[in-house]
Amino acid sequence: MSAALERGVEKLKGEIDARVVSYFSSCVHCGICAEACLFYTETGDERYTPIYKTEPLRKVWQQNHTFWGKLASNLGLSKPLTDSDLADWEELAYDGCSVCSRCTMVCPIGIDIAYMIRKVKEGLAAAGYVPDGLQLAGERALKLGSPMGLTEKSLRAAIAEQEKETGMSIPVDVVGADYLCMLSSNEVVTYAEFIGSITRIFAKAGISWTLSSDYFEATNTGVQIGDSKIAAELSGRIVKVAEKLKVKYVISPECGHAYTTIRWDAPNFLKRKLPFKVVHIMELLEQLHKEGKLKTKGKFNEAVTYHDPCNISRRAGVINQPRSLMNMVATNFEEMHDHGDMNWCCGGGGGVSSNDRAIPLRYKAFDVKKRQLDELSANTIVTACSNCRMILEDGLEHNGMQQEVIGITEFIAHYLE
Amino acid sequence: MFVQWVNGIFWDIAVVVFVIGIIWRLIAVFRHGTRKDLAEPRGSAVSGAVYTGFSRFLPRPEIRSKISLHVIAGYMFHLGLFVLLLFAAPHIKFAEEHVLGFGWAAMPHWAFVVSAQIAFAGLILLWLQRILNPVTRLISRADDYVGTYLLFLVMLTGCMAMFESYTGLRIAHLLTVELFMVYFPFSSLMHAILFIPSRGYTGSLFGLRGVKA
Chain Z
1 MSAALERGVE KLKGEIDARV VSYFSSCVHC GICAEACLFY TETGDERYTP
51 IYKTEPLRKV WQQNHTFWGK LASNLGLSKP LTDSDLADWE ELAYDGCSVC
101 SRCTMVCPIG IDIAYMIRKV KEGLAAAGYV PDGLQLAGER ALKLGSPMGL
151 TEKSLRAAIA EQEKETGMSI PVDVVGADYL CMLSSNEVVT YAEFIGSITR
201 IFAKAGISWT LSSDYFEATN TGVQIGDSKI AAELSGRIVK VAEKLKVKYV
251 ISPECGHAYT TIRWDAPNFL KRKLPFKVVH IMELLEQLHK EGKLKTKGKF
301 NEAVTYHDPC NISRRAGVIN QPRSLMNMVA TNFEEMHDHG DMNWCCGGGG
351 GVSSNDRAIP LRYKAFDVKK RQLDELSANT IVTACSNCRM ILEDGLEHNG
401 MQQEVIGITE FIAHYLE
Chain P
1001 MFVQWVNGIF WDIAVVVFVI GIIWRLIAVF RHGTRKDLAE PRGSAVSGAV
1051 YTGFSRFLPR PEIRSKISLH VIAGYMFHLG LFVLLLFAAP HIKFAEEHVL
1101 GFGWAAMPHW AFVVSAQIAF AGLILLWLQR ILNPVTRLIS RADDYVGTYL
1151 LFLVMLTGCM AMFESYTGLR IAHLLTVELF MVYFPFSSLM HAILFIPSRG
1201 YTGSLFGLRG VKA
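Protein chains in written order, with the numbering used here: chain Z, 1 to 417; chain P, 1001 to 1213.
Treat the hints loosely; a few may be bogus.
Pairs of lysine to aspartate or glutamate residues, derived as EDC-like cross-links and limited to a Cα-Cα distance of at most 16 Å, are as follows [claimed, not checked]:
no.: 1; chain 1: Z; residue 1: Lys246; chain 2: Z; residue 2: Glu291
no.: 2; chain 1: P; residue 1: Lys1066; chain 2: Z; residue 2: Asp338
no.: 3; chain 1: P; residue 1: Lys1036; chain 2: Z; residue 2: Glu393
no.: 4; chain 1: Z; residue 1: Lys204; chain 2: Z; residue 2: Glu291
no.: 5; chain 1: Z; residue 1: Lys271; chain 2: P; residue 2: Glu1062
no.: 6; chain 1: Z; residue 1: Lys59; chain 2: P; residue 2: Glu1040
no.: 7; chain 1: Z; residue 1: Lys277; chain 2: Z; residue 2: Glu243
no.: 8; chain 1: Z; residue 1: Lys370; chain 2: Z; residue 2: Asp356
no.: 9; chain 1: Z; residue 1: Lys277; chain 2: P; residue 2: Glu1040
no.: 10; chain 1: Z; residue 1: Lys244; chain 2: Z; residue 2: Glu291
no.: 11; chain 1: P; residue 1: Lys1212; chain 2: P; residue 2: Glu1062
no.: 12; chain 1: Z; residue 1: Lys370; chain 2: Z; residue 2: Glu404
no.: 13; chain 1: Z; residue 1: Lys364; chain 2: Z; residue 2: Glu10
no.: 14; chain 1: Z; residue 1: Lys244; chain 2: Z; residue 2: Glu139
no.: 15; chain 1: Z; residue 1: Lys229; chain 2: Z; residue 2: Glu139
no.: 16; chain 1: Z; residue 1: Lys299; chain 2: Z; residue 2: Asp338
no.: 17; chain 1: Z; residue 1: Lys271; chain 2: P; residue 2: Glu1040
no.: 18; chain 1: Z; residue 1: Lys70; chain 2: P; residue 2: Asp1143
no.: 19; chain 1: Z; residue 1: Lys273; chain 2: P; residue 2: Asp1143
no.: 20; chain 1: Z; residue 1: Lys364; chain 2: Z; residue 2: Glu165
no.: 21; chain 1: Z; residue 1: Lys297; chain 2: Z; residue 2: Glu393
no.: 22; chain 1: Z; residue 1: Lys248; chain 2: P; residue 2: Asp1143
no.: 23; chain 1: Z; residue 1: Lys59; chain 2: Z; residue 2: Glu10
no.: 24; chain 1: Z; residue 1: Lys299; chain 2: Z; residue 2: Glu393
no.: 25; chain 1: Z; residue 1: Lys273; chain 2: P; residue 2: Glu1062
no.: 26; chain 1: Z; residue 1: Lys248; chain 2: Z; residue 2: Glu334
Stretch-level coverage of chain Z by chain P, calculated; a stretch enters the list once three of its residues show a Cβ under 8 Å from a Cβ in chain P [claimed, not checked]:
no.: 27; region: 102–109
no.: 28; region: 148–159
no.: 29; region: 218–225
It should be emphasised that the hints constitute simulated quantities derived from the structure, not laboratory data. Think of the CB as a built atom: it goes at the ideal place given N, C-alpha and C, for glycine as much as any other residue.
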């Protein structure tokens, strides 16, 4: 057994908990999960069946925790996990899975398959089987604080640009502000209008808020890689700046996994409760609307639809808020045929978007989103994740489609009273 | 001699293995434990677990049409099997004389025949699905097939012994049941029990997050 394989197997052994044992012990291998997975439905390749992606973990569980598995291992009748297995599953777990959790929602036994795929990634990462693009993003995140390699200079440039655009001053490093707004690198270099939009909205609503120049990155490449140590380190940096600035709330920007990580996973990575509350920008906007602090004027009268980011809707329960916000300004809001907690992923979640090797497969998987959009008359797609936005724009361009994609904060800010 | 063993010692062994095996499997699950979720909850873990415990009995509308064969065959098999197990006259008589000490009303003969046909049809459809569909063929294990074949034999011998005309047929049925009981705790047949904690774990996590799963 190679040293890398040994590290992977040991890591997988350590990932086995009561949930995993219950899940594997009760799986009847019905294959229903395949019908919920865009990588299977769009390719017809049975290897993309979600429960099959957990095979390395199942093998380790079976050979170490079951009567038949231990017996077969001792008699030399079962094949142990090999380097070749891990190399094969690297493609299945990283290229052919966006950890969207749709499979989890349909399993008749109730197995949280996405939870186990996340654990498979832990084993693969420990053994060094991580796509290059994702590995480099992780290294940049650790070294520079941004998976795209951005620094404070890039943030300052984006802030200056948006101050010029809005004619307003953007608060940075304000100690004692109520809210600290984190950003994704995408929102600094590609969709900086997000910064301008929150500046305008928060000014109208009288919100005390700030950005942080010490650490602005909300995304967590550790989660995408499946490396808990990196995930904990990056989560800890957010907690550190929030504590330094003594804020009451941390705002997750328009990013799916960033929200799930800060809101739900960070306390568990860091093994302590957070000294502040975490809200997604949509939760805050809806709250401001309810309190009468967010008022709009004018309406968007063309057909428009909303793409649910998986990590925000299915994995984190923010489903009604975007619809409430959409209905504030849209007079012709169309839902896709599967939406909310059963939306179809854009195909770029779980680190797939950072993995160039997965591009052809991602384009194929995008076919389901194309069909969803083709059924609608909407020419505008609103979403609440900059990564989804980027993948949607890429998929639309690849398919020669003309729809425009816009972030929900910018969409609302456009109609600010 | 063999008949006496099947009626006596084999049955006793099967019951002991069945009960202790199930307890052992449950301990095997729960001894690993789970870590307390430290995130501030948005909803209740208990109500989430209860919700998922029941919601998964029905398929999500979004994929219902794609899995209709699974659902129909699954319900046919499981309902047919449970009706046979609980309401077939010989089973009630056996429970009264050897297990519980009391009995209850049995279903009429025609209902037995209908239930058996439904259960057999469901089991065969599920088996065909397993061997013909590329997805299930890829992910199925030997254990899945052994469980299916054992259940088929149990049901087949049960139907043959329906009238209790020949001791040999009744003994064949009892023997396959005993084999089934011994195999049960060491197989994925345990899903009959472990679906409850599996749904509970998933439901409680989603419940904390305010998601109805």
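Evaluation of the provided hints:
| no. | hint | in the structure |
| --- | --- | --- |
| 1 | Lys246/Z / Glu291/Z | violated (24 Å) |
| 2 | Lys1066/P / Asp338/Z | holds (14 Å) |
| 3 | Lys1036/P / Glu393/Z | violated (40 Å) |
| 4 | Lys204/Z / Glu291/Z | holds (13 Å) |
| 5 | Lys271/Z / Glu1062/P | violated (37 Å) |
| 6 | Lys59/Z / Glu1040/P | violated (34 Å) |
| 7 | Lys277/Z / Glu243/Z | holds (12 Å) |
| 8 | Lys370/Z / Asp356/Z | violated (21 Å) |
| 9 | Lys277/Z / Glu1040/P | holds (8 Å) |
| 10 | Lys244/Z / Glu291/Z | violated (29 Å) |
| 11 | Lys1212/P / Glu1062/P | holds (15 Å) |
| 12 | Lys370/Z / Glu404/Z | holds (13 Å) |
| 13 | Lys364/Z / Glu10/Z | violated (35 Å) |
| 14 | Lys244/Z / Glu139/Z | violated (25 Å) |
| 15 | Lys229/Z / Glu139/Z | holds (13 Å) |
| 16 | Lys299/Z / Asp338/Z | violated (25 Å) |
| 17 | Lys271/Z / Glu1040/P | holds (13 Å) |
| 18 | Lys70/Z / Asp1143/P | holds (15 Å) |
| 19 | Lys273/Z / Asp1143/P | violated (43 Å) |
| 20 | Lys364/Z / Glu165/Z | violated (38 Å) |
| 21 | Lys297/Z / Glu393/Z | violated (28 Å) |
| 22 | Lys248/Z / Asp1143/P | violated (54 Å) |
| 23 | Lys59/Z / Glu10/Z | holds (13 Å) |
| 24 | Lys299/Z / Glu393/Z | violated (24 Å) |
| 25 | Lys273/Z / Glu1062/P | violated (37 Å) |
| 26 | Lys248/Z / Glu334/Z | violated (36 Å) |
| 27 | 102–109 | holds (count 6) |
| 28 | 148–159 | violated (count 0) |
| 29 | 218–225 | violated (count 0) |
Going through the hint list in order, the structure does not satisfy hints 1, 3, 5, 6, 8, 10, 13, 14, 16, 19, 20, 21, 22, 24, 25, 26, 28, 29.
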